[in-house]
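**Q** Sequence:
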Amino acid sequence: MSLWGEILFIIASYLLGAIPFGYIFTKQATGKNIRNHGSGNIGSTNVKRIAGKKVSIQTQVFDILKGFLPVSTVIVLEHYNIYNFPEFMPYAVGIASIVGHDYSVFLKFNGGKGVNTTIGASVIFAPIQIFVGIMSYYLVKHLSKYVSLGSLVLILVITLLDAILNGFGIQFYYFVGCTLLIYIRHFENIKRLLAGTETKTN
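Under our numbering, the first residue of the sequence shown is numbered 1, with each subsequent residue one higher.
Read the hints as simulated data drawn from the structure, not as lab findings. Accuracy of the hints is not assured; some may be wrong.
Here are the in silico distance ranges between beta carbons for each label pair [as the list claims (entries may be wrong)]:
1. K53 to E188: 33 to 39 Å
2. F187 to M135: 24 to 30 Å
3. R49 to T73: 31 to 37 Å
4. K200 to Y80: 45 to 51 Å
5. F109 to L3: 23 to 29 Å
6. I164 to I82: 29 to 35 Å
Backbone N, C-alpha and C define an ideal beta-carbon position, used for all residues, glycine too.
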């Protein structure tokens with residue numbers, strides 16, 4: 001695979017990430033445009049509000065797979081010596097899939113908040129960090145009743161733990177990028193959290 005092939009692989013990862021499963025599944029289940037209901041977000045949290053738990057879980061699984069499939073494909077091809085990718089390639093396709101989810105070309109460059117896709121893209125090369133991050137998410141969500149706060153803590157814990165376990169290499173900077181994306185996509189949630197007006201979960 002040439003440099004152009006690698007670039008096309010990254011573009012394909014973006015396009016996979018850009019498939020708005022939350023929008024599609026909610027439309028199929030309810031006939032509603034999820035962007036006009038609830039928070040307007042296409043992620044699994046808003047899907048649960050509009051279309052119910054079953055459709056939310058379906059969305060969550062597919063959003064995780066959007067990140068998992070490109071990264072796992074690169075790692076498998078590398079492992080079996082089918083192609084020798086650059087060191088950064090798993091992280092590049094991971095970020096591409098997350099950006100696709102957050103800024104989908106199919107939704108006029110709008111999208112979700114990227115938490116599930118980040119988990120899917122990262123779990124192969126950082127399983128411990130992801131596990132601890134998810135546990136932190138559920139703890140914060142349980143104590144605070146804020147899904148958004150749990151998501152913000154999740155990515156911070158993952159990034160800080162990666163620095164502790166692996167130092168400040170390319171993987172750490174990948175997680176810094178993931179953190180920035182998640183915080184940017186949660187900007188309105190952060191403002192509401194600070195103002196005390198953020199919606200709590202049941």
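**Q** Could you run down the list of hints and mark each one as holding or not?
**A** Against the structure, the hints:
| no. | hint | verdict |
| --- | --- | --- |
| 1 | K53 to E188: 33 to 39 Å | violated (24 Å) |
| 2 | F187 to M135: 24 to 30 Å | holds (25 Å) |
| 3 | R49 to T73: 31 to 37 Å | holds (33 Å) |
| 4 | K200 to Y80: 45 to 51 Å | holds (48 Å) |
| 5 | F109 to L3: 23 to 29 Å | holds (26 Å) |
| 6 | I164 to I82: 29 to 35 Å | holds (33 Å) |
When held up to the earlier numbered hints, the structure conflicts with hint 1 and nothing else.
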